[in-house]
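Residues per chain, in single letters:
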Amino acid sequence: MAPAISLRSAVALSGGFPVLAGVDLDLDAGQVLALLGSNGAGKTSLLRLLAGLLPLRSGEAVVLGCELPDGAAELRRQVGLAGHDPGLYEELDARENLRFALRAARLDPAGADAALERVGLEGRAVATPLGLLSEGQRRRVALAWLAARRPALWLLDEPHAGLDASTRHLVGELCNEAARGGAVVVLSSHEPELAVSLADTVVTMGGGAVIDTSRGRRDAAGVTDVA
Amino acid sequence: MNRAIRILGPTSILLCVLDVILGLWVTPDDENQLEYVRLVYIHPAEAWVALYVAIAMAALCSLLYLWKRTRSLKWDRLAASAVEVGVVFILLTLVTGSIWGRATWGVWWTWDARLTATALLAVLFLGYIALRRVPADPETRARRCAAAALFAAVDVPIVHFAVNWWNTLHQSATVLNPNLKPRIHGSMAWTLLLSFIAFTALFAWMVLLRYRIEVNAHSGEDVELADALAERRAEGVTS
Amino acid sequence: MWRDALLVAGRDLRIELRTRVGLWQVLPFALLTLLLFAFALGPKPGLLAEAAPGLFWLSILLSVVLAAQRSIAVEGTRATREGSRLLGLDPAGIFLGKMLALLVEVLLLEAVLLVGVLIVFHVLVTAWATLIASCVLAAIGLCAASILYGSLAGEARIRATLLPVLLLPITAPVLIAGAKAFDASVVTGSGSGARWLGILAVFALVYTALGIVLYGPLEES
Chain U
1 MAPAISLRSA
11 VALSGGFPVL
21 AGVDLDLDAG
31 QVLALLGSNG
41 AGKTSLLRLL
51 AGLLPLRSGE
61 AVVLGCELPD
71 GAAELRRQVG
81 LAGHDPGLYE
91 ELDARENLRF
101 ALRAARLDPA
111 GADAALERVG
121 LEGRAVATPL
131 GLLSEGQRRR
141 VALAWLAARR
151 PALWLLDEPH
161 AGLDASTRHL
171 VGELCNEAAR
181 GGAVVVLSSH
191 EPELAVSLAD
201 TVVTMGGGAV
211 IDTSRGRRDA
221 AGVTDVA
Chain C
1 MNRAIRILGP
11 TSILLCVLDV
21 ILGLWVTPDD
31 ENQLEYVRLV
41 YIHPAEAWVA
51 LYVAIAMAAL
61 CSLLYLWKRT
71 RSLKWDRLAA
81 SAVEVGVVFI
91 LLTLVTGSIW
101 GRATWGVWWT
111 WDARLTATAL
121 LAVLFLGYIA
131 LRRVPADPET
141 RARRCAAAAL
151 FAAVDVPIVH
161 FAVNWWNTLH
171 QSATVLNPNL
181 KPRIHGSMAW
191 TLLLSFIAFT
201 ALFAWMVLLR
211 YRIEVNAHSG
221 EDVELADALA
231 ERRAEGVTS
Chain E
1 MWRDALLVAG
11 RDLRIELRTR
21 VGLWQVLPFA
31 LLTLLLFAFA
41 LGPKPGLLAE
51 AAPGLFWLSI
61 LLSVVLAAQR
71 SIAVEGTRAT
81 REGSRLLGLD
91 PAGIFLGKML
101 ALLVEVLLLE
111 AVLLVGVLIV
121 FHVLVTAWAT
131 LIASCVLAAI
141 GLCAASILYG
151 SLAGEARIRA
161 TLLPVLLLPI
171 TAPVLIAGAK
181 AFDASVVTGS
191 GSGARWLGIL
201 AVFALVYTAL
211 GIVLYGPLEE
221 S
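Protein chains in written order, with this note's numbering: chain U, 1 to 227; chain C, 1 to 239; chain E, 1 to 221.
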């Protein structure tokens with residue numbers, strides 16, 4: 001069966017600068033990939049390429065059956081990206097944000113409540129404008145969006161940064177569930193230990209390319225215990 | 001391009017000099033406007049370049065940039081050059097128009113249609129230049145400026161009609177007048193035509209010069225992609 | 001496209017209802033300009049009545065720039081914009097939606113300001129149809145142009161000063177035509193409003209069409 005993600009010498013530019021300088025990658029459905037690397041190595045750029053937000057300049061890239069760069073619009077509909085900035089509307093509360101996003105993605109807005117419950121947001125937090133929530137709560141809303149959307153490809157940019165233990169645990173749970181459901185999960189991290197315990201494959205990036213690949217220690221059957 | 005510049009330069013200057021000679025000494029003066037009519041050999045031509053040629057060129061280059069098949073930064077740079085040189089011609093138009101107005105109507109500025117539209121176009125062009133100076137990567141900047149130029153170009157005919165109906169004091173277009181025969185005859189007509197050609201050539205020369213400056217200014221940035229890639233990959237090895 | 005437009009318009013209006021920027025900031029600003037004009041020109045009823053059409057439209061124009069800044073600020077950061085792209089919203093729909101939301105605000109603004117002008121500047125209207133038509137058409141054109149230029153003007157800090165410089169010259173024909181149409185609908189006014197309505201209609205049509213076609217390509221990074 002063809003891999004869900006297949007990149008060959010993928011090059012991408014941003015403002016003329018080659019943020020990705022020839023990436024080779026293969027990933028099957030139901031797998032979790034962890035991206036490691038120092039700042040500026042190209043982790044975020046790779047996530048954006050996989051999201052269809054960064055155009056492919058040269059090389060080959062087929063993601064979820066969509067050939068880049070032409071298939072980017074088609075790809076975007078199947079992808080969920082949780083970055084540093086949740087990309088939601090500050091003035092609206094969590095429920096309104098999710099309902100809007102679900103409607104826009106042609107999904108049933110009723111799924112918003114269940115998703116918010118899943119990430120542990122209830123009561124007042126759900127009805128407070130996003131701008132007034134804490135960083136951790138906003139990240140939870142972003143995760144709720146992914147949980148509600150159930151995309152075929154989950155992209156998480158440093159999902160553990162600045163989060164407390166229980167939220168980190170939640171991230172691990174959601175990733176596991178998504179992978180078990182057949183989705184592809186790619187997450188970047190600055191914490192190797194954490195990332196390795198969540199992933200099937202660990203890739204280290206440097207200079208816009210992959211410089212090392214190794215196996216992860218994900219426990220596919222159950223939830224990994226994160227210290 | 002360098003050859004075009006070398007040919008256009010002397011040619012356009014020659015034509016302008018010829019225009020001046022004919023305009024000042026060979027053609028007759030007007031019974032009403034006396035010597036001031038000689039301004040007709042530079043003012044309408046400047047206005048023509050500013051109001052039509054510059055903006056048409058900026059719009060065309062912008063379209064070529066925005067259309068995927070012909071997208072290239074050279075169109076963006078040409079458009080920007082056209083706008084900058086266009087601003088010069090607009091200022092010239094306003095100044096010569098003002099002098100002429102002072103001579104024939106007694107005031108330095110009137111709200112007649114052509115002058116007002118020209119002043120508005122000046123602000124539109126300045127807006128383009130302001131947009132150009134906003135820091136952004138070349139592709140984003142080019143896209144924004146191309147769009148701005150197109151929007152401005154589309155507005156020009158609307159402005160033309162609006163301002164015309166709003167107030168008309170200017171003599172209606174003497175050559176492109178649909179109703180009347182041209183009021184300018186004989187040697188005056190030929191000199192007028194010459195002025196249009198001369199100023200258009202001058203505009204073209206100045207645009208190419210400006211374009212060349214722009215290209216040279218950015219030549220350091222257009223580093224070969226292969227080199228950039230090699231440099232980038234090297235980062236990964238050393239880190 | 002229309003489905004997305006209505007969704008986006010609904011969202012923008014809901015945000016407006018939540019924050020009420022239009023009510024507490026833009027409207028007072030518009031009314032303030034009328035007051036300032038009166039101060040500047042002096043309390044001469046005849047002069048003010050004659051200048052009323054122009055002053056009304058000038059107030060609207062300046063207020064629309066303010067309202068547009070707000071509308072574009074809703075899109076917030078680059079992440080929010082990318083979020084919209086990831087949702088698969090049709091860019092033309094986003095443009096129309098934002099335009100519709102802004103249009104609702106501007107029409108309300110025009111209504112309130114009109115009442116203000118009629119009362120404060122002692123203006124008597126005879127041709128209501130012309131006046132209302134001109135207000136609606138002008139509003140459409142202004143909103144389309146504002147959203148379009150808003151997407152050009154870049155980040156918030158720069159946009160604050162750049163948007164007026166870009167937008168106001170383009171909308172000059174709206175000012176001219178609107179004022180003349182208003183003039184034509186007033187007791188002491190002159191001429192027919194038809195040609196001015198024509199200009200307003202063309203402007204509205206052109207910039208709405210440009211927006212539908214170009215908003216998407218412009219937002220793409």
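Honestly, the hints are just simulated from the structure, not real lab data.
Keep in mind that the hints are not guaranteed to be accurate.
[Unchecked claim] Every beta carbon over 10 Å from chain U, so not counted as near; a handful from chain E, in silico:
1. Leu7
2. Leu27
3. Pro43
4. Val74
5. Ala79
6. Leu89
7. Leu103
[Unchecked claim] If the Cβ cut is set under 8 Å, some of the chain C residues that face chain U in the computed set are:
8. Pro135
9. Pro138
10. Arg141
[Claimed, not checked] In silico negatives: residues of chain U with every beta carbon more than 10 Å from chain C:
11. Arg8
12. Gly15
13. Gly22
14. Gly30
15. Leu64
16. Arg106
17. Gly123
18. Glu135
19. Arg150
20. Asp164
21. Ala165
22. Met205
23. Gly208
24. Arg215
On a predicted model such as this, the values are computed, not experimentally measured, just so you know.
Note that CB positions come from ideal geometry on N, CA and C, so glycine has one too.
Tell me, in ascending order, the numbers of any earlier hints that this structure violates.
-> 1, 4, 5, 6, 8, 10, 12, 13, 22, 23
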